[in-house]
Amino acid sequence: MSLSRTLQIRLTLAASAAVVLTAAVLCALVLGGSAQGIVLAAVVLVLLSVLSCWLLVRQLLQPLAALETDLQQMQQQHQQILEQRDDARSHLEEMEKTLARVGLEDALTGLANRRQFERGLLEEFNRAARTNLSLAIIMIDIDFFDEYNATYGRMAGDKVLRRVGSAIRDTNVRPEDLLSRFGAQEIAVLLPGSRLEGALIVAERIRKSIEQLNIEHSASPSGRVTISIGIAAVAPQRQVDEPDTVLRESEQALALAKASGRDCIRTTEDLKQAH
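For the sequence shown, the UniProt record's numbering gives the first residue as 1, with consecutive numbering after it.
Careful: at least some of the hints might be erroneous.
Unchecked claim - Think about it this way: if two alpha-carbon atoms lie no more than 25 Å apart in a straight line, the pair counts; the simulated DMTMM-like pairs of lysine to aspartate or glutamate are:
| # | residue 1 | residue 2 |
| --- | --- | --- |
| 1 | Lys-159 | Asp-177 |
| 2 | Lys-258 | Asp-146 |
| 3 | Lys-208 | Glu-251 |
| 4 | Lys-208 | Glu-186 |
| 5 | Lys-272 | Glu-242 |
| 6 | Lys-258 | Asp-244 |
| 7 | Lys-159 | Glu-147 |
| 8 | Lys-159 | Glu-216 |
| 9 | Lys-258 | Glu-147 |
| 10 | Lys-258 | Glu-269 |
| 11 | Lys-258 | Asp-270 |
| 12 | Lys-272 | Glu-204 |
| 13 | Lys-208 | Glu-123 |
| 14 | Lys-159 | Glu-242 |
| 15 | Lys-208 | Asp-270 |
| 16 | Lys-208 | Asp-146 |
| 17 | Lys-159 | Glu-211 |
| 18 | Lys-208 | Asp-241 |
| 19 | Lys-258 | Glu-211 |
| 20 | Lys-258 | Glu-197 |
| 21 | Lys-208 | Glu-147 |
| 22 | Lys-258 | Glu-118 |
| 23 | Lys-208 | Glu-176 |
| 24 | Lys-208 | Asp-177 |
| 25 | Lys-272 | Asp-241 |
| 26 | Lys-159 | Asp-146 |
| 27 | Lys-258 | Glu-216 |
| 28 | Lys-258 | Asp-158 |
I should point out that these hints are in silico values taken from the structure, not numbers from a laboratory. Computed from a prediction, not measured in an experiment: that's the story for all the values here.
Generate the whole structure from the sequences, applying the supplied hints.
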């Protein structure tokens with residue numbers, strides 16, 4: 001308690017005592033010291049004592065009430081700080097998730113980017129080697145895409161990329177399959193556990209889905225947007241040392257598909273026959 005507050009209470013006590021005594025003396029004098037006067041003086045003394053105590057208690061409770069108000073305000077401020085901290089933490093977590101997603105996602109198509117594909121390929125390749133399972137890659141290229149951009153403009157080309165990516169995503173691709181924008185006009189599909197035959201079925205379904213979009217392409221011999229596809233696979237009985245080997249073979253199969261007239265599918269088996 002502060003010095004000024006202590007002094008204030010002492011002065012209040014002294015003033016109250018003085019008032020009580022003065023009132024008692026006055027009562028006794030007025031009534032001439034009779035028994036009635038003494039009783040009245042005693043009653044006045046008691047009443048004034050009670051009043052003095054009440055005033056004193058009030059003096060003491062005032063700072064307590066102020067302290068309680070201050071405490072409530074501090075608790076409210078503390079709660080606000082906690083809420084702001086939680087909001088900031090949630091915002092930071094969302095930003096971290098967004099940055100992680102942006103780092104592994106193609107902004108235009110919403111598919112995984114090449115970095116994510118290469119990471120996924122390494123993981124699935126190692127898993128296939130440990131568990132003796134198959135692994136396939138479907139490499140897709142939009143036919144005459146540079147000519148499309150030259151004819152219809154870059155914005156139209158971006159729209160085609162988004163539509164092609166969405167169409168591939170909608171062709172009943174399994175949750176464990178990884179779709180990626182691998183290059184400017186290339187989309188790669190990683191198929192864990194799939195053999196060459198199964199990947200060929202998926203690839204044909206993808207090729208037809210793009211054909212059914214029926215997007216006009218006057219600079220293409222077919223008059224519409226089409227895709228070429230190359231497929232490579234790692235089977236349990238086939239020894240492959242690095243994931244880059246199967247990736248390179250899928251690109252070679254894609255090059256063969258483009259050399260074969262485009263809008264078609266070629267596999268590593270076709271590469272063997274070509275040689």
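Going down the list of hints, with the structure as the test:
At roughly 24 Å between alpha-carbon atoms, Lys-159 and Asp-177 fall within 25 Å of each other, so this suggested pair holds. A hinted pair counts as satisfied when its Cα atoms are at most 25 Å apart, and Lys-258 with Asp-146 qualifies at roughly 14 Å. With a CA separation close to 20 Å, the supplied pair Lys-208 and Glu-251 stays within the 25 Å bound. A distance of roughly 17 Å separates the Cα atoms of Lys-208 and Glu-186; the hinted pair therefore holds under the 25 Å criterion.
The straight-line distance between the Cα atoms of Lys-272 and Glu-242 is roughly 20 Å, inside the 25 Å bound, and the hint therefore holds. Taking the CA atoms of Lys-258 and Asp-244, the gap is about 21 Å. The hint holds against a cut of 25 Å. In summary, the hint linking Lys-159 to Glu-147 is supported, as the alpha carbons are separated by about 15 Å, within the 25 Å threshold. Pair hint Lys-159 plus Glu-216 holds up; C-alpha atoms about 13 Å apart against a cutoff of 25 Å.
Taking the CA atoms of Lys-258 and Glu-147, the gap is about 15 Å. The hint holds against a cut of 25 Å. At most 25 Å may separate the alpha-carbon atoms for a hinted pair to count; Lys-258 and Glu-269 meet this at roughly 16 Å. For a cut-off of 25 Å, the pair hint linking Lys-258 to Asp-270 stands: about 13 Å separates their Cα positions. As the CA atoms of Lys-272 and Glu-204 are separated by approximately 20 Å, the hinted pair is consistent with the 25 Å bound.
Our distance criterion of 25 Å between C-alpha atoms is broken by Lys-208 and Glu-123, whose separation comes to about 30 Å. Using a Cα cut-off of 25 Å, the hinted pair Lys-159 and Glu-242 is violated, with the two alpha carbons roughly 35 Å apart. The suggested pairing of Lys-208 with Asp-270 holds, with an alpha-carbon distance near 20 Å, which does not exceed 25 Å. A hinted pair counts as satisfied when its Cα atoms are at most 25 Å apart, and Lys-208 with Asp-146 qualifies at roughly 22 Å.
For the hint linking Lys-159 to Glu-211, the alpha-carbon distance of about 16 Å falls within 25 Å, and the restraint holds. Between Lys-208 and Asp-241 the CA atoms are separated by roughly 34 Å; this puts the pair beyond 25 Å, and the hint is violated. Proposed proximity of Lys-258 and Glu-211 is supported: the alpha carbons are some 16 Å apart, at most 25 Å. As the CA atoms of Lys-258 and Glu-197 are separated by approximately 21 Å, the hinted pair is consistent with the 25 Å bound.
About 22 Å separates the Cα atoms of Lys-208 and Glu-147, which keeps this hinted pair within 25 Å; it holds. A C-alpha spacing of about 23 Å is found between Lys-258 and Glu-118, which places the hinted pair at or below 25 Å, so the restraint holds. A threshold of 25 Å between alpha carbons decides the hint, and for Lys-208 with Glu-176 the separation of about 22 Å falls inside it, so the pair holds. Pair hint Lys-208 plus Asp-177 holds up; C-alpha atoms about 19 Å apart against a cutoff of 25 Å.
About 19 Å separates the Cα atoms of Lys-272 and Asp-241, which keeps this hinted pair within 25 Å; it holds. Taken as a hint, the Lys-159 and Asp-146 pair is honoured in the structure, with Cα atoms around 14 Å apart against an allowance of 25 Å. Our distance criterion of 25 Å between C-alpha atoms is met by Lys-258 and Glu-216, whose separation comes to about 20 Å. Of the pairs offered as hints, the one joining Lys-258 and Asp-158 holds, with about 22 Å between alpha carbons and a cut-off of 25 Å not exceeded.
In terms of the numbered hints stated before, the structure departs from hints 13, 14 and 18, listed from lowest to highest.
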